[in-house]
Structures are given as C-alpha cells and as structure tokens.
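K.L.:
With the hints as constraints, model all of the structure from the sequences given.
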Amino acid sequence: MDIALGDRRFGPASRAAVGEAVSRGTLIACEVVWTELAAIFPTPADATATLLALDVAFAPMTQEAAEAAGGLWAEYRRSGGPRTRVVADFLIAGHTCVHADALLTRDRGFGRTHFGDLTIIDPSNEG
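For the sequence shown, position 31 matches number 91 in the numbering used here, and the numbering has no gaps at all.
Hints in this document: simulated from the structure, not taken from any laboratory.
Glycine included, C-beta positions come from ideal geometry on N, C-alpha and C.
It cannot be assumed that every hint is accurate.
Quick list of simulated restraints, FRET-style, between CB atoms [said to hold, decoys possible]:
1) L114 / A148: 16 to 26 Å
2) R75 / G140: 34 to 44 Å
3) G85 / D167: 13 to 23 Å
4) A113 / G140: 38 to 48 Å
5) R75 / A134: 27 to 37 Å
6) F101 / S139: 32 to 42 Å
7) P102 / R137: 34 to 44 Å
8) R143 / T86: 30 to 40 Å
9) R137 / G85: 24 to 34 Å
P.N.:
This is how it looks when you write it as structure tokens:
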C-alpha cells in the first residue's frame with residue numbers, strides 16, 4: 061500500500077523491498093491483498109496493472125491456507141485477542157504460511173506476536 065499510495069516516508073523502502081523480493085523469487089498476493097489494493101486505486105484494473113508491473117502474481121486462497129488462517133484466528137481469540145483485528149489479517153497470514161516464504165508488512169509487532177514462525181520483512185526497518 062505504501063507504493064500505491066505514494067507514501068513519502070515508507071514508499072521508497074517498500075519499493076526497494078519488493079524489488080529485492082522479486083530478485084529472490086516470485087511475489088504473490090492472495091485475493092484479500094488484491095481486494096485491499098483494488099479499493100485504493102481509481103479502478104480495480106489499475107490495481108491489477110500496478111501489481112503485475114511489480115511482478116506480483118495472483119495466488120488464490122487454497123483450502124489448506126484457509127484452514128491455517130482459521131487455526132491462527134482461533135488461537136488468537138482463545139489467547140484473549142480482541143476482535144479489533146479483522147479476519148483479513150489472519151487470511152493473509154494463513155496464505156503466507158502455506159504458499160510463501162515471507163510476508164512483506166510494516167505491521168511487524170502483530171505479525172511477530174501472533175505468527176511467530178512467519179518470516180516478516182518490514183521495509184520500515186530495512187537499510
């Protein structure tokens with residue numbers, strides 16, 4: 061989102077992190093990320109064009125990823141986690157756990173706390 065919104069503080073670091081990730085392998089985004097980004101562009105087609113220009117491939121949620129997300133959400137709620145977090149965060153994390161090697165996000169504290177096994181790439185801490 062930093063790149064799409066032209067964030068002056070984090071946009072350059074996020075763009076560099078995406079470039080570095082592309083140099084190491086395929087970048088993917090599930091339908092939750094695709095939807096979140098489509099909502100901030102003038103049209104969904106503009107969002108898709110930007111994602112494709114960044115070499116981000118659409119990778120839909122699988123049953124395994126959905127089940128992983130459900131398990132993460134249930135664990136979070138059982139441990140007393142409030143409903144202030146949306147299920148979308150857990151869907152993205154579940155998708156990442158099953159289909160990717162790392163998650164690019166500045167929401168590092170939440171990711172580290174609730175998805176300890178997940179490799180987090182935080183562009184705000186890069187460089």
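K.L.:
So, for every hint listed, does it hold in this structure?
P.N.:
Okay, the hints, checked on the actual structure:
1. L114 / A148: 16 to 26 Å: holds (20 Å)
2. R75 / G140: 34 to 44 Å: Holds, since R75 and G140 (Cβ atoms, about 37 Å apart) stay within the stated range.
3. G85 / D167: 13 to 23 Å: About 22 Å separates the Cβ atoms of G85 and D167, which means 13 to 23 Å holds.
4. A113 / G140: 38 to 48 Å: Given a distance of about 42 Å, which is inside 38 to 48 Å, the answer is holds.
5. R75 / A134: 27 to 37 Å: For A134 against R75, whose Cβ atoms are near 36 Å apart, the range 27 to 37 Å holds.
6. F101 / S139: 32 to 42 Å: Between F101 and S139, where Cβ atoms are some 36 Å apart, the hint holds.
7. P102 / R137: 34 to 44 Å: With a Cβ separation near 37 Å, P102 and R137 satisfy 34 to 44 Å, so the hint holds.
8. R143 / T86: 30 to 40 Å: holds (34 Å)
9. R137 / G85: 24 to 34 Å: holds (33 Å)
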